[in-house]
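Colleague: Protein chains in written order, with the numbering used here: chain Y, 1 to 348; chain H, 1 to 260.
Derived from the structure by calculation, the hints contain no laboratory data.
It is possible that part of the hints are untrue.
[Claimed, not checked] Derived SDA-like pairs (lysine to any residue); straight-line CA-CA distance at most 20 Å:
id: 1; chain 1: Y; residue 1: 323; chain 2: H; residue 2: 169
id: 2; chain 1: Y; residue 1: 278; chain 2: H; residue 2: 229
id: 3; chain 1: Y; residue 1: 323; chain 2: H; residue 2: 168
id: 4; chain 1: Y; residue 1: 323; chain 2: H; residue 2: 165
id: 5; chain 1: H; residue 1: 160; chain 2: Y; residue 2: 312
id: 6; chain 1: Y; residue 1: 323; chain 2: H; residue 2: 229
id: 7; chain 1: Y; residue 1: 323; chain 2: H; residue 2: 23
id: 8; chain 1: Y; residue 1: 162; chain 2: Y; residue 2: 119
id: 9; chain 1: Y; residue 1: 323; chain 2: H; residue 2: 175
id: 10; chain 1: Y; residue 1: 151; chain 2: Y; residue 2: 203
id: 11; chain 1: Y; residue 1: 278; chain 2: H; residue 2: 236
id: 12; chain 1: Y; residue 1: 278; chain 2: H; residue 2: 175
id: 13; chain 1: Y; residue 1: 323; chain 2: H; residue 2: 170
id: 14; chain 1: H; residue 1: 160; chain 2: Y; residue 2: 279
id: 15; chain 1: H; residue 1: 160; chain 2: Y; residue 2: 296
id: 16; chain 1: H; residue 1: 160; chain 2: Y; residue 2: 270
id: 17; chain 1: Y; residue 1: 323; chain 2: H; residue 2: 162
id: 18; chain 1: H; residue 1: 160; chain 2: Y; residue 2: 318
id: 19; chain 1: Y; residue 1: 278; chain 2: H; residue 2: 169
id: 20; chain 1: H; residue 1: 160; chain 2: Y; residue 2: 106
id: 21; chain 1: Y; residue 1: 101; chain 2: Y; residue 2: 9
So the chains spell out like this:
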Amino acid sequence: MAEAANATPQLVCLGLNYRTTPVEVRERVAFPEAKVPEAVHEVRSLPGFEEGVVLSTCNRVELYATHSLEDPQAAHESLVDYLVRRFELAQEQAEALVTYKLDAAEAARHLFRVVSGLDSMVLGETEIFGQVKAAYQKALEAGTTSRRLNKLFQQAFTVGKKVRNETSIQRGSTSVGSVAVDLAEKVHDLKKCRVMLVGAGEMSRTCAQSLLSRGAHSIIVSNRSHERAVEMATEMGGTALRFDEWEAALHEVDVIISSTSAPHFVIKPELVREVMRKRRWEPLLIIDIAVPRDVDPQVNDIEGVYLYDIDALQAIADGERRKREKQLELCEKIIEEQLAKFGFVKNP
Amino acid sequence: MTADRQLLALSTLAFMVAVIPAVRALLSGQWRTSRQWLLMLAGFALQTGAVFLRGETVRQCPMKSLSDVLVFTGWSVVLLYFLVGPTYRVSLLGFFTAPLVAMMQLLAFAVPNAFPDYAAKAKVDAWVELHAALALMAYAAFALTCITGVMYLLQERFLKQHRIGGLFYQLPPIQGLALAIRRLLALGLVLLSLSLAVSFKLTTPISNPKLIFAWGVWLLYAVMGVVIWRHVLSPRQTAWLAAVGFIIPFISLWLVTTHG
Chain Y
1 MAEAANATPQ LVCLGLNYRT TPVEVRERVA FPEAKVPEAV HEVRSLPGFE EGVVLSTCNR
61 VELYATHSLE DPQAAHESLV DYLVRRFELA QEQAEALVTY KLDAAEAARH LFRVVSGLDS
121 MVLGETEIFG QVKAAYQKAL EAGTTSRRLN KLFQQAFTVG KKVRNETSIQ RGSTSVGSVA
181 VDLAEKVHDL KKCRVMLVGA GEMSRTCAQS LLSRGAHSII VSNRSHERAV EMATEMGGTA
241 LRFDEWEAAL HEVDVIISST SAPHFVIKPE LVREVMRKRR WEPLLIIDIA VPRDVDPQVN
301 DIEGVYLYDI DALQAIADGE RRKREKQLEL CEKIIEEQLA KFGFVKNP
Chain H
1 MTADRQLLAL STLAFMVAVI PAVRALLSGQ WRTSRQWLLM LAGFALQTGA VFLRGETVRQ
61 CPMKSLSDVL VFTGWSVVLL YFLVGPTYRV SLLGFFTAPL VAMMQLLAFA VPNAFPDYAA
121 KAKVDAWVEL HAALALMAYA AFALTCITGV MYLLQERFLK QHRIGGLFYQ LPPIQGLALA
181 IRRLLALGLV LLSLSLAVSF KLTTPISNPK LIFAWGVWLL YAVMGVVIWR HVLSPRQTAW
241 LAAVGFIIPF ISLWLVTTHG
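Just chain Y, same shape as in the assembly (with noise of 0.2 Å):
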């Protein structure tokens, strides 16, 4: 392979994601955490390669590198070559490893969207923030970056923070799970909130485990089987009650999370004005994620009660999205600005 004499290092980005590869493939490819230094070694070691960051997450595997190859689609063949042989794809798989190839601009424009969340399956998600920090800080760790890269890294993280402060593409819940922590939140103090699941099906496990994840102080579970409320309080951490006497607790948490697939209410205005007596006007946020539901409209009516349905976690989860969408525009031009500020493009 040519090698350019005294060229100053080129930019390379290769990558696959939620977008060009199934999730058969991905899983196929990703790196696991503890071999990601070791990757960046063997990326680093690829001949005419100077430096390497290994990115890798369930959504996307990204590799970043510097190389001082005359032709560009080489340093390409040369990380997916490197991709096969590391992972031993056999040459179907190999064929059917669709990846983007980025260079220079193109490939700093990308890591600014990756590292602001506007190339994540959820817009605007902040995690993948700490994803690439923590992806930079293994390569710089294993010594796989040198100036070029640490530059641009660090540029990106300066770009993902004016992205944050500057727009609101971050802000708001847009799952179900999320828009009940965040309402769970502006009810009570977290680190005091006692939940309850009636009925222990897949969303409410989600929902309560977002408000665990979140710092929530404790969990009860009470479904019909009680085997299964055993299992998923034990798996939570939290403690099971017989479904027959969830009525009587009620009066002890402050959140409650609803969906059992009873036909009728479970959860009647009677039932929720005397638990509300018992709690002294406490308030009392009520989560109905059953269809049908759960918990009788009424219910809202009552003082210091707040009833959310899953057709209003919904409806306030998608208008979230859509503000975050509104957004897109304004971050896509604070991301060129910072392109030109940096010299990677010309003026916009």
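Chain H: place on chain Y using the hints.
Modeller: For chain H alone, coordinates are given in the frame of chain Y:
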């Protein structure tokens, strides 16, 4: 314009300007309290300077005329905002405090015969000064109770009507607001009780209307305290009471300074 009034005018301007970044932040959905906090701090520094210079001019704590009472109460409100805001995690309190204080100070300039000269006192009675200062600090606590009540009612409305966005994300949890109302009311009541206790030590007599109004306000908030403590009313009703109840001390300030 005297130096104290120049400082007061500047501080009023700072409080008015402090509302602008907050409104802009709410409209854009990007909430950053730092700019507003700095403007509040600047307003408070200027306000403190104004109160100090006014005290030097009248050679006593400036709390005798309606305009002075409004300024001193406004100063106490901002002082309490800096003291209790972080404690109760009610950072948005500044958003509501700034216009209230700006309005009080504008009113102080607008009242007839604003900032009059005081008749020279032979001797300053420290107990009278303490009594008045504690009473006005108590009124400031009631003003913050009123603001917190408004915040509670807004958050309650957002939660009930599923209006999630903008201000909703900035307001503290509804349970925290209910707690803040209880604590601020208790703080105001303790300060006013101390002020009234001090009044028994006074050698200089206080006019009857002043004492009657002070006891009237104390009674109102004591009843509110009992109502809250006994859970007679729901938090929403309590918030209404806290918000609307401040009208009474506010009117009493005007009455005691103009007719006392």
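Colleague: Compare the structure with each hint and give your call.
Modeller: Hint check:
{"no.": "1", "hint": "Y:323 <-> H:169", "in the structure": "holds, 14 Å"}
{"no.": "2", "hint": "Y:278 <-> H:229", "in the structure": "holds, 15 Å"}
{"no.": "3", "hint": "Y:323 <-> H:168", "in the structure": "holds, 15 Å"}
{"no.": "4", "hint": "Y:323 <-> H:165", "in the structure": "holds, 10 Å"}
{"no.": "5", "hint": "H:160 <-> Y:312", "in the structure": "holds, 11 Å"}
{"no.": "6", "hint": "Y:323 <-> H:229", "in the structure": "violated, 43 Å"}
{"no.": "7", "hint": "Y:323 <-> H:23", "in the structure": "holds, 19 Å"}
{"no.": "8", "hint": "Y:162 <-> Y:119", "in the structure": "holds, 16 Å"}
{"no.": "9", "hint": "Y:323 <-> H:175", "in the structure": "violated, 28 Å"}
{"no.": "10", "hint": "Y:151 <-> Y:203", "in the structure": "violated, 43 Å"}
{"no.": "11", "hint": "Y:278 <-> H:236", "in the structure": "holds, 17 Å"}
{"no.": "12", "hint": "Y:278 <-> H:175", "in the structure": "holds, 16 Å"}
{"no.": "13", "hint": "Y:323 <-> H:170", "in the structure": "holds, 17 Å"}
{"no.": "14", "hint": "H:160 <-> Y:279", "in the structure": "holds, 19 Å"}
{"no.": "15", "hint": "H:160 <-> Y:296", "in the structure": "holds, 15 Å"}
{"no.": "16", "hint": "H:160 <-> Y:270", "in the structure": "holds, 19 Å"}
{"no.": "17", "hint": "Y:323 <-> H:162", "in the structure": "holds, 16 Å"}
{"no.": "18", "hint": "H:160 <-> Y:318", "in the structure": "holds, 19 Å"}
{"no.": "19", "hint": "Y:278 <-> H:169", "in the structure": "violated, 29 Å"}
{"no.": "20", "hint": "H:160 <-> Y:106", "in the structure": "violated, 47 Å"}
{"no.": "21", "hint": "Y:101 <-> Y:9", "in the structure": "holds, 17 Å"}
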